[in-house]
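Chemist: All chains, please: the whole structure from these sequences, using the hints.
Chains as they are written, first to last, in this note's numbering: chain A, 1 to 325; chain B, 1 to 204; chain C, 1 to 508.
Careful, some of the hints might be misleading.
Unchecked claim - Subject to a maximum C-alpha distance of 25 Å in a straight line, what follows is the list of computed DSS-like cross-link-like pairs (lysine-lysine):
{"#": "1", "chain 1": "C", "residue 1": "Lys-252", "chain 2": "C", "residue 2": "Lys-294"}
{"#": "2", "chain 1": "C", "residue 1": "Lys-190", "chain 2": "A", "residue 2": "Lys-86"}
{"#": "3", "chain 1": "A", "residue 1": "Lys-59", "chain 2": "B", "residue 2": "Lys-175"}
{"#": "4", "chain 1": "C", "residue 1": "Lys-432", "chain 2": "B", "residue 2": "Lys-71"}
{"#": "5", "chain 1": "B", "residue 1": "Lys-6", "chain 2": "C", "residue 2": "Lys-190"}
What the hints assert, rightly or not - Example chain C residues on the side facing chain A (calculated, C-beta under 8 Å, incomplete):
{"#": "6", "residue": "Val-11"}
{"#": "7", "residue": "Ala-334"}
{"#": "8", "residue": "Pro-349"}
{"#": "9", "residue": "Leu-460"}
In case anyone wonders, no lab produced these hints; they're calculated from the structure.
On a predicted model such as this, the values are computed, not experimentally measured, just so you know.
Backbone N, C-alpha and C define an ideal beta-carbon position, used for all residues, glycine too.
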Amino acid sequence: MTIIKKLALVVVSLSLVAVSSVSSAKPFSPKKPVELIIPAGQGGGADEIARLVQGVIEKNDYASKPVIPINKKGGSGGEAMTYVKKKAGDEHTLMITLNNVLTTPTNQPELGIDFFNDFTPLARLITDTFLVWIATEGKNTAGIDTFDDFISLAKGNGLVMGGTGSMSEDELLLGMMRGQFGFDAKYVPYSGGGAVAKGLVGGESDFTLNNPSEQMGFYQSGDSKALVMMTPERNPAFPEVPSSYELGYPDLEYYMMRAFMAPAGIDAEVEKYYTGLLHTVYHDNEFQTFNIDDGKLMSWLEGYGLKDFLAIEYDKHAVIIENFQ
Amino acid sequence: MSIVNKFTVRRAEITVAVVLALCSIALMTKSAQNRITWSAEENMGAGFLPFYLSLGMLICTVLTIVKFILKKSPQSKDTSAFIDPEAFKFVSVTLISLIVLVFTIGYLGIYFSLIFFLAFYLRYFSEKSISFITIFSLTTPILTFLFFEWLLKIPLPQGISEPLFYPVYDFMYGKITMPIKMIFIVLTIFLPTALVLLINRFIK
Amino acid sequence: METFGLLLDGVFTSLQWFNLALLIFGCLIGLFVGAMPGLGSVNGVAILIPITFIVPPTAAIIFLAAVYYGAMYGGAISSVMLGIPGASTAVATVFDGRPLAVKGEAMTALTAAAVGSFVGGTVSVILFTLFAPPLAEVALRFNAPETFALMVMAFATFVGLGGDDIPKTIFSILIGLALSTIGLDLITGKPRLIFFNIPGFLHGINFLVLAIGIYGIGEMLWTLEETKGKVQMSKLSVNMKEVGRAFGALKKTLMAMNIGSFLGFFVGILPAAGATPASLMSYGITKQLSKNSKEFGTGVPAGVVAPECANNSASTGSMLPMLTLGIPGSPTTAILLGGMILWGLTPGPLLFTQEPEFVWGLIGSLYIANFFTLVLNIALIPAFLMVLRIPFAILAPVIFVLCVTGGYAPTQSLHDVWLMLLFGFGGYVLRKLDYPVAPAVLSIVLGPLAENALRQSLILSDGSMGIFFDFASKPIAAIIMYIAIVLLIMPAFGPLYRKIFKKTLSKA
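Modeler: Below you can see the structure in the form of structure tokens.
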């Protein structure tokens, strides 16, 4: 036994020496696989982008170690954010964001997350858009073709809206629209964007505020149609859908941001490395084509611009939540 | 051993029932932190279902206690030892070593903890030779690493041992061709065996 | 008949040598991953998504289908050999597969699982090919009230699974349901039952944590006590006679095969349901309808065939809502769906007409994968049986290692491993006091589905339970609900009826 123990000690200490001599001052590159935390379940929009990023990096050898997506869907982002917060200073952890990172710290103060100091924002790659969807043969919405018709219908009748869970982006959006247009709707939460889309076409709900990719299949088959896209301009993926600016509702503008963050307390060197990596991914052809075809907006933002953007968005969401309650 | 003997099935039955009743009450109070009402105007509160489910649990445990008092259940009449005194050692040592294992995983990382756990467990329960135990407790973590981190790319906790794995990762994802990597994998798996054989020879 | 031509094309595509090699490799990986407790097809499929960027989409989907099917079979292996469900879909396989193995009839159990899986897979491919479009319509109309009615029916089929002690059985069901409410409440967006503010509770209690705890750790503690660490788990021999006997035992399981294949497929095509409820329900129904229902749980081949048939059948079935509605029925299909989107395919009603090669290639390769996994499985049975020859003192720590890694891997949190230990110890103690544990495992699987469907329906109906019994507007929900109620009261009336009947008999 003792001989084995001694031998084990020698092996361990030798390898320690080897490690310390290797890690001399070179520009940062990951020493082990990088965990990419997804604050949502498998199959959602964030998951899709995370796995796309993983695939693009792996296929083109953009990084020396692979990126491993890990889903931590608990507490609408709460679990993921607590995890990343605890990893302060860790150089091998990234997190992709949904808008729930902007709302969860306000909604669940008991988690003790400080949005501005617990994370290092790296870059925003994409913004996803929202549209108002109705079923083409909806029992209550038959014959509705424009957003204005829809509003006058919604004012009189209590329509049912399918959404992705209470206090999620689309319920906040419904809150915004309620204040702006003076109609109310019954909100039915589902377990994911796909289920929401199916609930609409299956006749359980009257309208939804889905992202483009979630309704794409039904949109192409003509089972559902979009009335307005909440953006300043029309989107090439949905050429016949008017933008909210065109219809004269410039206040009706809302996005889902797909940004990446690292834990707080990492070196500037590390921050620079990951931002660079994301920049390479952003300009990858495959990445660009996929997202543009899907109706997403390519919107790179980093550094101070990103920090300002996040601060504005965070405050905006705090106001929406306050009005909502 | 006498305590184990005295802890009869009868005692276990009532102890467990009381503990479960207390747990049910705790669950009820915890559920009540959310709204537990439900009416036509207001949708079901988040606490409604857990509250009434745990109320149901409480009722069931109370029924079990009543049955115990009335001596209606087979357990309430059973005065044999809850755990066979002879087997108590096996169960308790296993449980404690498992708790220690999970505790050390958090600090030492899973791979090194497994070595200690396996070595201890095999030494305690089996009559295998030290050489066998050494080979076995070193090979299992290596296989675990290869399976999880290499094949499935699922990172397992490494705790303070993390820096030791950096060179391994460099090798895994380095620009070495697959056949050479495979040779190395096979060599690594047999490394503990070779080591033990060498030591055995050295001692003799 | 055009679809059959397309399906044949799909089959031939997967028989090209490159694709075939990928397929067999995928089956092997799937088998292995599926057999590891805690890891299921979802892990196998997830790691392969990046690889699929390198090979063409058809080859990729063949590979993924192979992994998917391999894992479905693999789950049964650890259920039978180790008594730990390898995946959620294989929980019901433990109920009878494990007792069979303990009795020394592991051979029968493994053969039953393999053949059952194959039959289920075959029937479902035929049903899929014949009825895909109309069934997609059914799936589309299957909304919250219908889902809840189905869940009530699932619970009704489990009534027979409990023990003799009624308060203890009900307690077991309720604690499973209560544990399933932990985590974020989808409907109100509020966290519930977060004990001591530990963030690990935010993701709720993963059903695998409970299952591995009870069937892995708990079962091991139980066996350790029984055998005092001395005995081998079971004795067995592999020879041609045994093989013949194993196949002979399958003759009596025809009914289980029918129930498993058809029920599995229909539950599988329903969005949100998937293979786990399917396998549990068909176990329950087979047990209730069987002549020797008392023997279920003590090791009958039909108890292995029914859930295995159903989970494979449902796996093919669950491709339907994924392809036509874009709704993932399980985490695995969720990742497959993500993969499809990345390959530039849009799931939706048009997929069948726009991308027939892809759809039928997928179904064809599922079928071929099904066949090859059967062959691999039967061929590997002697290798699996070697596990049982390992002395218990060595097997036990290996199982503990599998439990700990399996508890950690799905959620990547040590919190779940602690919970697993707690459930293992708790399950061991409760089992010794005759609390049935299976109902708790079942209700933690179905609890979240049932709760969400119930509350969604109640929002729609403004709180009226009438929505579940309204033949005019929700005929499907009402029919299922009434069947469920009949199923629920049947066992209660059975003994009563017999009692009355006996009394009159004895009087006469």
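Chemist: Against each hint, give a clear statement of whether it holds in the structure.
Modeler: Taking the hints in turn, this is what the structure says about them:
no., hint, result
1, C:Lys-252 <-> C:Lys-294, "holds, 16 Å"
2, C:Lys-190 <-> A:Lys-86, "holds, 23 Å"
3, A:Lys-59 <-> B:Lys-175, "holds, 14 Å"
4, C:Lys-432 <-> B:Lys-71, "holds, 18 Å"
5, B:Lys-6 <-> C:Lys-190, "violated, 47 Å"
6, Val-11, "violated, 26 Å"
7, Ala-334, "holds, 3 Å"
8, Pro-349, "holds, 4 Å"
9, Leu-460, "holds, 6 Å"
Against the hints set out earlier in the document, violations occur for numbers 5, 6.
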